[in-house]
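There are 4 protein chains.
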Amino acid sequence: MYFASDNSGPVHPEVLAALARANDGYAMGYGADAIMDDVRDRIRTLFEAPEAAVYLVATGTAANSLALATMCQPWQTVFCTPVAHIHEDECNAPEFFSGGAKLTLVPGTDKMDPAALRATIEAEETRGVHGPQRGPVSLTQVTERGSVYSLAEIEALCAVARDYALPVYMDGARFSNALARLNCSPADMTWKAGVDIVSFGGTKNGLMGVEAVILLDPEKAWEFELRRKRGAHLFSKHRYLSAQMLAYLDGDLWLRSARMANAAAAKLADGLRAAGIGFAHSPDANMLFPTMPRRVHQKLHAAGAVYHLWSGTLDGGDPEELLTARLVCDWSVTDDAVATFLSHVK
Amino acid sequence: MYFASDNSGPVHPEVLAALARANDGYAMGYGADAIMDDVRDRIRTLFEAPEAAVYLVATGTAANSLALATMCQPWQTVFCTPVAHIHEDECNAPEFFSGGAKLTLVPGTDKMDPAALRATIEAEETRGVHGPQRGPVSLTQVTERGSVYSLAEIEALCAVARDYALPVYMDGARFSNALARLNCSPADMTWKAGVDIVSFGGTKNGLMGVEAVILLDPEKAWEFELRRKRGAHLFSKHRYLSAQMLAYLDGDLWLRSARMANAAAAKLADGLRAAGIGFAHSPDANMLFPTMPRRVHQKLHAAGAVYHLWSGTLDGGDPEELLTARLVCDWSVTDDAVATFLSHVK
Amino acid sequence: MYFASDNSGPVHPEVLAALARANDGYAMGYGADAIMDDVRDRIRTLFEAPEAAVYLVATGTAANSLALATMCQPWQTVFCTPVAHIHEDECNAPEFFSGGAKLTLVPGTDKMDPAALRATIEAEETRGVHGPQRGPVSLTQVTERGSVYSLAEIEALCAVARDYALPVYMDGARFSNALARLNCSPADMTWKAGVDIVSFGGTKNGLMGVEAVILLDPEKAWEFELRRKRGAHLFSKHRYLSAQMLAYLDGDLWLRSARMANAAAAKLADGLRAAGIGFAHSPDANMLFPTMPRRVHQKLHAAGAVYHLWSGTLDGGDPEELLTARLVCDWSVTDDAVATFLSHVK
Amino acid sequence: MYFASDNSGPVHPEVLAALARANDGYAMGYGADAIMDDVRDRIRTLFEAPEAAVYLVATGTAANSLALATMCQPWQTVFCTPVAHIHEDECNAPEFFSGGAKLTLVPGTDKMDPAALRATIEAEETRGVHGPQRGPVSLTQVTERGSVYSLAEIEALCAVARDYALPVYMDGARFSNALARLNCSPADMTWKAGVDIVSFGGTKNGLMGVEAVILLDPEKAWEFELRRKRGAHLFSKHRYLSAQMLAYLDGDLWLRSARMANAAAAKLADGLRAAGIGFAHSPDANMLFPTMPRRVHQKLHAAGAVYHLWSGTLDGGDPEELLTARLVCDWSVTDDAVATFLSHVK
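Heads up: the protein sequence lines correspond to chains A, B, C and D, in order.
Residue numbers for the first sequence follow our numbering, beginning at 23 and rising by one.
Residue numbers for the second sequence follow our numbering, beginning at 23 and rising by one.
Residue numbers for the third sequence follow our numbering, beginning at 23 and rising by one.
Residue numbers for the fourth sequence follow our numbering, beginning at 23 and rising by one.
If you're looking for bench data, these hints aren't it; they were derived computationally from the structure.
From a predicted model like this one, the values you see are computed outputs, not experimental measurements.
It is possible that part of the hints are untrue.
The list treats identical chains as one, so a pair stands whether inside a single copy or across any two.
Each computed DMTMM-like pair below joins lysine to aspartate or glutamate, with the alpha-carbon atoms no more than 25 Å apart [to be verified]: (1) Lys289 with Asp46; (2) Lys214 with Glu36; (3) Lys242 with Glu110; (4) Lys321 with Asp60; (5) Lys321 with Glu73; (6) Lys368 with Asp132; (7) Lys289 with Asp111; (8) Lys368 with Asp340; (9) Lys242 with Asp185; (10) Lys289 with Asp135; (11) Lys289 with Asp358; (12) Lys368 with Glu36; (13) Lys368 with Asp46; (14) Lys368 with Glu70; (15) Lys321 with Glu144; (16) Lys242 with Asp337; (17) Lys289 with Glu73; (18) Lys214 with Asp111; (19) Lys214 with Asp337; (20) Lys368 with Asp358.
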């Protein structure tokens, strides 16, 4: 019953096997390995973007920070939601990598709203040289609250950005889970909708620690490479990143794993709903925010369930007080774990 | 005959096995895994430093940049040699992570000389608030030219730094190779000699991508943690870094591997010497800089040897012109490879 | 009828005279001039702070940015209001000088509220190493909307900051106007209330371009000096900054000028009130935000009045629509200008 | 007998008069004053550069740092001499403003040598993404050692830079003194020779604190404006900077003052030569580095002469030991001061 995070589960066996296969003899370092050539080709094909520049880094924060720094001047501001990972969970990494850009929060509690985005952009940069200048729009798909933007929603947000000639970044730490939900193509969810740079996350979906950053327009590819090296995110033994990503692409492991995670989450959501539990946010992919009485949380914890309370504290207070949990499923969650969890809720 | 770099060879099988063992069930992320607790304890024991703060990162540049940034204010300057990796090979990462500190070069062609260090420190900061302020001294052990500082040499450099109350960093990307050469204890080569922070490199010695950063005085431990996170170098699935380092410590794999690499290099050096070849730098550990006629380089390349020319170009020019090569051995270099290489030199 | 800004008016004649007096022979540069010694002593006396470190810079943004950078680590966040000059009007200078710190907005439309500050601080830094760390609280006195914090209000905010061991900065670009309003001592409004660093603004109050930064605790004085030099804000011909500040202190020119500006604003406010005009913010010092019908604004502009509309546009729309203006008085505003302006309002 | 620095002397009376004239009524702030329009036009005319972007800042370090940051990416390196002001005397300001670029020193003791520049450029950036990338070349005219580059020398250096497509910056803190020496036009010494951005210094030549930064190609003008604001170097009461610069241009005060300073220095040099004194560097403009016995320095100091020793210490040691002084003349140095100084040398 481990639902604390999709980065706490094990690496998929196919990935370990791929690492073992890659561990043969010598290979050029720093991304010049043959496996990376294959990875680049396959990602271009997958995204229907033959010119795209493709790079691997090992953490989601690296992907986000390097991409945003490449899109953003230090005197600009990034538009994101108040719950964005880049705002809340990266210890000012975007500010660091961009050389001191600002993040401007588009009001809201989960998904970014196009009208709110437009209003926020309008309010910024009315002061000429004095104020922060408008910079990129950053979306997270799946959002940090487990929601999935529809294609129409992404297109609407990108249209607002385009009205102001602002580039769009998609933090795709859970890209695969979103895509499994929407059942569209990677191209549909990115460049066809107006996204300029996207991270294609693997770490939360069965890899050991690899994210691809895809610059759909390769114009700033060399700048990205320099920023990656200077940020200490260029790996000498790069083949072990390449091998993970290749395994991820092989037989669509990325999609299979995401579907498993989403399916587990859907089962969990169904069971909770059946038990009369509501949700603070729409459980669209592999993350749920159910709202349950404190006594249920206490029972679950006593039974060994592991997850984070998103509001309130486990101990003390009214046993009937409703507290929100965050439950996250990865590919490895078993039916048994879900069933056992639900058995304690009823 | 692959002598291009010690980061081009395969990962040691014991490391892959450890990764597989670690891949079981759930584990807390971000360094809170149980394996890391074990790693921390063992490194403290190995370094005879029970209070030391121990952190893992995935690249040598991350280790160097984060350590130096923690030791150095943006208005200070780091003292290093003109051939230091931090100066030549990190695309200004130390300047980036430190927020714009300077690197001041202590003249020399390989090891740092204590008298030259003193003279360079003296020349700096004679201008009050106007000039850069004196900052940390950074040594590389093994040096970028394959030399190993003796304990007395390290002590002499640290004594100069101490005269000016400057902290000392040791870039230990090849720490194990140096230690295998000196046959001393990690404590002897670090804090007993006056080193404040050291990186204990694994990537060039059989790991996939892990370096430990050891703050012998833990006073700035929390600052280091914040810098690591903000630099996007804190891994969510940290257990896979921990597992590599644990395998490295198990049965002294770090020392066994370094001894294998050094032994291969020694055989290569002996054979080259026997063939009348000289060296541009003293071949103390696992890296050689032999000086051979162009025709020999051409013959070796034709035979499939892979390594970098450190001076000159393979093609054109006088066949007898002496060109320096850089040959690096890792743990996986075989006697056969050495013998074949030498057979082409004679 | 020029009410656009208190930095658009002329320099006070006593200041020009002081510059001429200072222009005699040679003087040591970079703050080592004898006039600065006098300035330092007098400011220490004025603030009843014999140990305070006192520095001069030439712009308000320099004062704010250098002070905040000295108080704030790059991984921290500064708490300020959404209308703070440091947030809206400095093109990310605080982010730049601090090396990438964040600004966290305490909700509100003018003055910072202690309860809102506490709630905002509480919400921040609940994520350990992942989120921004809590940093300084920054107040603007007079606020950017023309309000003046009472001593009790300052004390209440500082008490909240102290509960979390956070330092407090006071942006005193209009320090003198606030003090003229409160009729208290500089010590009362700063360190006795809990302020750690304050800027004592001169530029908006009759100087050419000088702000004093006063570190009431001198512990970080040398760091401030290095940051000032490195930010290119240390003047070689420093005596001309010193001379301005000395003139400002002579015979309390700072207070006389502020009283003149406040008195002009009060007359303006009284007249507007008499004409039935309301205010968007409390006109406490030398800045007013009256809300008047568009037709009145049009009439005033036609008559040559110069000021900024804070909401809406002069042209088009309903003539009766209420639009907010920002009117600012400096020491040089005449009774005539006020009377003429009011004559057009009636 | 004050020869310590050309920033220690008084402001020229014409400048003070201009400030008084400018101090009339209201003026738009932040560079939108009418005087600045005039200044811009006149500088464009003076430099025969009708498209040039012209900005004022208050310190030489601001001019240098903002210009270089505009020309240089954070992953690049600036080529300069080991005695460059930007390297020795700005407390890492160029590193700060550029976001962590490096400075690479072209070997030499005074002027930059074209062959040395070429060799240094060649040695840099041979490591692809790993090393610092080549960035702008920065020249100081008059050099920090008092020498003046001939037009041919500037052209030769710019030709080397152009071979590598690198932009050229001229630190013209003493631009006027160089031009007075060369007796050429500003266009000759800048864009006709290949310079891209130049600072036209006023502070060391009779102004209170103003330097013009001239972007001969205005492409990055808006970026420069944003960097200036964000660096806190945009003045609200900008007209007082404009007025100084206008006075400087009026009747060629810049050239008259520089000629007075150079003439005083020439008299000093002649007298020293007549007394058998040699020079460590060629005294081309308003700065001399005479080499005199310690006893002469002691006599001069006892007589009240004020200047810096560039080598050695006044007290102790052999009275006949030769010590180098730095003597700087500004426009205000009198014949009497020179004669008195020389009388003590003989």
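Hints, verified against the model:
For a Cα distance limit of 25 Å, the shortest separation of lysine 289 from aspartate 46 across copies, 24 Å, qualifies, whereas the shortest one inside one copy, 41 Å, does not. Taking the closest pair of Cα atoms, lysine 214 and glutamate 36 never come within 25 Å of each other, the shortest separation being 31 Å inside a single copy and 46 Å across copies. In the homo-oligomer, the alpha carbons of lysine 242 and glutamate 110 lie at most 25 Å apart only across protomers (24 Å), although the nearest pairing inside one protomer, at 27 Å, exceeds that limit. For the homomeric pair lysine 321 and aspartate 60, neither the shortest alpha-carbon distance inside one copy (49 Å) nor that between copies (32 Å) is at most 25 Å.
Neither within a single protomer nor between protomers do lysine 321 and glutamate 73 lie at most 25 Å apart by alpha-carbon distance, with minima of 54 Å and 39 Å respectively. For the identical chains of this complex, lysine 368 and aspartate 132 are neighbours neither inside a copy (29 Å) nor across copies (50 Å), given an alpha-carbon limit of 25 Å. Taking identical chains as interchangeable, the C-alpha atoms of lysine 289 and aspartate 111 are never at most 25 Å apart, the minima being 28 Å within one chain and 51 Å between chains. Taking the shortest Cα distances, lysine 368 and aspartate 340 sit within 25 Å of each other inside one copy (19 Å), while across copies they are farther apart (61 Å).
With identical chains, the CA atoms of lysine 242 and aspartate 185 are at most 25 Å apart both within one copy (22 Å) and between copies (24 Å). For the identical chains of this complex, lysine 289 and aspartate 135 are neighbours neither inside a copy (29 Å) nor across copies (46 Å), given an alpha-carbon limit of 25 Å. In the homo-oligomer, the alpha carbons of lysine 289 and aspartate 358 lie at most 25 Å apart inside one protomer (11 Å), although the nearest pairing across protomers, at 58 Å, exceeds that limit. In this assembly of identical chains, the alpha carbons of lysine 368 and glutamate 36 never lie at most 25 Å apart, being 36 Å within a copy and 46 Å across copies at closest.
For the identical chains of this complex, lysine 368 and aspartate 46 are neighbours neither inside a copy (52 Å) nor across copies (30 Å), given an alpha-carbon limit of 25 Å. Within a single copy, lysine 368 and glutamate 70 get their C-alpha atoms no closer than 47 Å, and across copies no closer than 54 Å, so neither meets the 25 Å cut-off. Proximity of lysine 321 and glutamate 144 under a CA criterion of 25 Å is satisfied in neither setting, with 49 Å inside one chain copy and 28 Å between copies. Proximity of lysine 242 and aspartate 337 under a CA criterion of 25 Å is satisfied in neither setting, with 51 Å inside one chain copy and 34 Å between copies.
Neither within a single protomer nor between protomers do lysine 289 and glutamate 73 lie at most 25 Å apart by alpha-carbon distance, with minima of 40 Å and 47 Å respectively. In this assembly of identical chains, the alpha carbons of lysine 214 and aspartate 111 never lie at most 25 Å apart, being 29 Å within a copy and 37 Å across copies at closest. In this homomeric assembly, lysine 214 and aspartate 337 never come within 25 Å of each other (Cα to Cα): the closest approach is 49 Å inside a single copy and 41 Å across copies. Taking identical chains as interchangeable, the C-alpha atoms of lysine 368 and aspartate 358 lie at most 25 Å apart only when both belong to the same chain, with a minimum of 16 Å there against 67 Å between chains.
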